[in-house]
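A.B. asks: When you get a sec, could you build the whole thing from the sequences and use the hints?
Residue-level listing of the chains:
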Amino acid sequence: MSMIETHDVTKSYRSGEGVMEILHGVSLSIPAGQCAFIVGPSGSGKSTLLHLIGAMDQPTKGRVVIDGQDLTKMTEPQKDLFRRDKIGIIFQAFNLVGNLTALENVLVPFLPRGITPELRDRAKAMLTKVGLGHRLTHRPIQMSGGEQQRVAIARALVKNPQVVLADEPTGQLDTRTGEDVFRILRELQRELGTTLVVVTHDRRFIQPQDLVLEIEDGLLKK
Amino acid sequence: MWRFAWRNILTRPTRTFLALIGLSIPILGVVGLFSLSNGLRMLVGNTLNQIQGVIVLRNNAPSPVFSDIPADLPDKIRSIPGVKIVSPEIWGISPPIENTSLIARTLNNLGDQQKRMQSFLDTPVVTGQDTITHAKITTSVYRKALLPAAENGGRYLNETDRGSKNVVLSKKFANQFKNSDNSPKKPGDKVKIGNEQFNVIGIYHTNSMLLDGVIVMDIETARRVLNRPNGLSDVYVEMNDPVKSDEVAQLIEKSFPDFDARSMNEFQNSFGNLMGQLDRVLGLTVSLALAVGVVGIVNTMLMSTLERIAEFGILRTNGWSQNHVLGLVTLESAYMGLIAGVMGCGLALVGVNIANQFLSGGLQLVVTPYLLFLGMILSVVTGTLGGLYPAWKAARLAPMEAIRFGHR
Ligand SMILES: Nc1ncnc2c1ncn2[C@@H]1O[C@H](COP(=O)(O)OP(=O)(O)OP(=O)(O)O)[C@@H](O)[C@H]1O
Ligand SMILES: [Mg+2]
Numbered sequence: 002m003s004m005i006e007t008h009d010v011t012k013s014y015r016s017g018e019g020v021m022e023i024l025h026g027v028s029l030s031i032p033a034g035q036c037a038f039i040v041g042p043s044g045s046g047k048s049t050l051l052h053l054i055g056a057m058d059q060p061t062k063g064r065v066v067i068d069g070q071d072l073t074k075m076t077e078p079q080k081d082l083f084r085r086d087k088i089g090i091i092f093q094a095f096n097l098v099g100n101l102t103a104l105e106n107v108l109v110p111f112l113p114r115g116i117t118p119e120l121r122d123r124a125k126a127m128l129t130k131v132g133l134g135h136r137l138t139h140r141p142i143q144m145s146g147g148e149q150q151r152v153a154i155a156r157a158l159v160k161n162p163q164v165v166l167a168d169e170p171t172g173q174l175d176t177r178t179g180e181d182v183f184r185i186l187r188e189l190q191r192e193l194g195t196t197l198v199v200v201t202h203d204r205r206f207i208q209p210q211d212l213v214l215e216i217e218d219g220l221l222k223k
Numbered sequence: 280m281w282r283f284a285w286r287n288i289l290t291r292p293t294r295t296f297l298a299l300i301g302l303s304i305p306i307l308g309v310v311g312l313f314s315l316s317n318g319l320r321m322l323v324g325n326t327l328n329q330i331q332g333v334i335v336l337r338n339n340a341p342s343p344v345f346s347d348i349p350a351d352l353p354d355k356i357r358s359i360p361g362v363k364i365v366s367p368e369i370w371g372i373s374p375p376i377e378n379t380s381l382i383a384r385t386l387n388n389l390g391d392q393q394k395r396m397q398s399f400l401d402t403p404v405v406t407g408q409d410t411i412t413h414a415k416i417t418t419s420v421y422r423k424a425l426l427p428a429a430e431n432g433g434r435y436l437n438e439t440d441r442g443s444k445n446v447v448l449s450k451k452f453a454n455q456f457k458n459s460d461n462s463p464k465k466p467g468d469k470v471k472i473g474n475e476q477f478n479v480i481g482i483y484h485t486n487s488m489l490l491d492g493v494i495v496m497d498i499e500t501a502r503r504v505l506n507r508p509n510g511l512s513d514v515y516v517e518m519n520d521p522v523k524s525d526e527v528a529q530l531i532e533k534s535f536p537d538f539d540a541r542s543m544n545e546f547q548n549s550f551g552n553l554m555g556q557l558d559r560v561l562g563l564t565v566s567l568a569l570a571v572g573v574v575g576i577v578n579t580m581l582m583s584t585l586e587r588i589a590e591f592g593i594l595r596t597n598g599w600s601q602n603h604v605l606g607l608v609t610l611e612s613a614y615m616g617l618i619a620g621v622m623g624c625g626l627a628l629v630g631v632n633i634a635n636q637f638l639s640g641g642l643q644l645v646v647t648p649y650l651l652f653l654g655m656i657l658s659v660v661t662g663t664l665g666g667l668y669p670a671w672k673a674a675r676l677a678p679m680e681a682i683r684f685g686h687r
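Chain order of the listed sequences is P and F.
Numbered per the numbering used here, the first sequence spans residues 2 to 223.
Numbered per the numbering used here, the second sequence spans residues 280 to 687.
There is no bait here: all hints are sound.
Which bits of chain P does chain F cover? Going by a derived footprint, with three or more residues having C-beta under 8 Å, they are:
(1) 54-63
(2) 78-85
(3) 100-113
The set of hints was computed from the structure by calculation and includes no laboratory data.
Note that CB positions come from ideal geometry on N, CA and C, so glycine has one too.
C.D. replies: Take a look at the structure:
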């Protein structure tokens with residue numbers, strides 16, 4: 002059963018002179034529990050596609066269906082709930098809230114509803130899993146880029162989402178740290194059975210069993 | 280969430296502080312101005328409560344000092360049913376006391392803001408009472424205010440004082456115009472009014488700035504002192520039944536259309552009107568000040584919201600709804616309003632206490648709990664309102680727009 006489906010998705014941006022189409026009808030399907038990579042040259046529309054899958058942006062045409070739910074038919078509050086419960090997201094950088102500690106950053110998804118001791122324990126356990134059990138009370142500025150990225154991974158996974166989306170999660174890290182971060186991400190994905198979609202330039206991380214989606218000029222290459 | 284909002288305020292101390300000042304000063308103003316208005320109200324209320332009869336004076340005369348009535352009016356009023364006692368009075372600005380003229384006093388006090396204010400309010404006034412009829416009045420303000428024997432209050436004017444050079448001074452004047460040995464005036468001492476020496480026979484203290492500026496003497500004596508051989512200023516009328524004083528006052532006005540019979544209720548009402556207008560002016564001033572405060576808060580919140588747009592985007596991508604972001608920003612500004620309210624009210628309390636040390640004559644700034652409560656509410660409401668627009672701006676963006684916008 003496929004967790005993620007897009008049907009003939011197009012996305013255009015209104016720019017100064019007129020309308021610029023970035024995605025020209027992308028249809029794809031990613032099975033549940035799969036690790037999928039979106040690769041392609043810069044500016045080809047990889048991030049744009051990822052944002053559409055994550056309900057963070059609205060496609061111009063086409064449908065995005067996650068776990069049987071059509072995102073394009075959701076209201077904004079429904080999408081908020083959807084993001085909260087089903088999607089974990091990791092960006093290239095600037096992932097964390099500066100005013101919160103590592104632990105609080107992991108707890109961000111639950112903040113508006115109130116933090117229970119169980120949630121707190123879960124967040125601590127998650128931070129321990131990414132190797133930051135000793136840095137719970139540190140602020141983002143007190144952490145290195147790799148550490149920050151691991152906090153972001155913990156936050157994306159703490160709610161046990163069905164889908165984790167990562168947009169160049171290792172883009173700003175050196176090779177070694179990048180490998181560490183990716184190893185952690187993949188371990189957790191396996192452990193939790195999450196569907197993982199990674200946008201990357203770096204093909205080193207791709208393993209034989211992974212699904213690779215190549216995008217060029219807004220089209221999926223077969 | 281509460282702590283998060285709290286921390287967000289604290290991490291920008293300078294900006295927060297400036298915004299707080301911007302809002303707390305208007306709140307200080309609100310509390311301060313209305314405490315003054317409260318104080319005036321109490322002062323006049325105290326003053327008027329001491330007078331129970333009806334005062335008949337010329338239409339439109341603001342006070343007895345500016346009134347002029349014919350000499351035969353008292354007898355005519357006496358014939359009106361319900362009237363018990365009619366006591367004519369004359370009032371006028373006092374000639375120089377102890378050679379201190381009004382002008383000299385004013386010049387003397389020019390440099391001192393507070394004294395200047397006072398010299399305007401307590402320009403010495405002479406009142407001449409018809410001692411014979413006045414003695415029968417039950418609610419004579421100055422007689423009642425005479426200091427007790429233990430404080431050497433002396434005695435009040437009576438029937439024997441007709442045409443005598445006996446005067447009753449306020450405690451304030453007794454202290455202000457001292458004897459040559461620098462002791463305050465007491466019964467038995469002399470006081471120079473104009474070119475004549477007078478005998479101080481009594482000292483009174485009403486504790487109302489508006490009443491304590493008066494030298495009381497016999498009406499015949501006052502005619503000489505004020506150089507006013509004929510005519511009267513007003514008539515003090517007491518009724519058989521105090522409850523019916525309003526009715527009788529109306530009867531007097533009907534019978535003598537040129538004159539105004541003012542019961543204290545009426546004085547109080549017209550004062551109430553005046554204060555109502557004053558309050559309206561204050562309200563206007565205050566709203567202006569608050570508008571300035573709101574602009575400050577909006578500006579602060581807007582700046583801090585704009586620079587945090589990306590952060591809001593991150594919150595949104597992690598499952599925060601628009602309402603959550605809206606709530607966070609609003610909570611922050613409500614906190615600011617709360618702190619500003621505490622600051623403003625605290626400053627006002629301190630300021631009022633200090634001001635009261637320097638105020639005398641029964642005028643005190645009065646801060647009621649209600650006023651403080653009002654100040655707090657006002658502050659929190661304006662603070663919250665000031666945060667709403669920035670909050671709406673922050674929440675409105677789609678998560679990705681916010682993140683992109685924020686990192687530009
Ligand atoms: N909000 C926007 N408004 C206008 N154009 C945009 C917007 N967002 C993206 N684009 C354009 O869409 C194109 C694709 O952007 P996208 O970020 O998806 O590329 P990408 O494949 O992720 O590239 P990179 O590998 O460099 O991150 C780019 O040409 C970009 O300029
Ligand atoms: Mg990209």
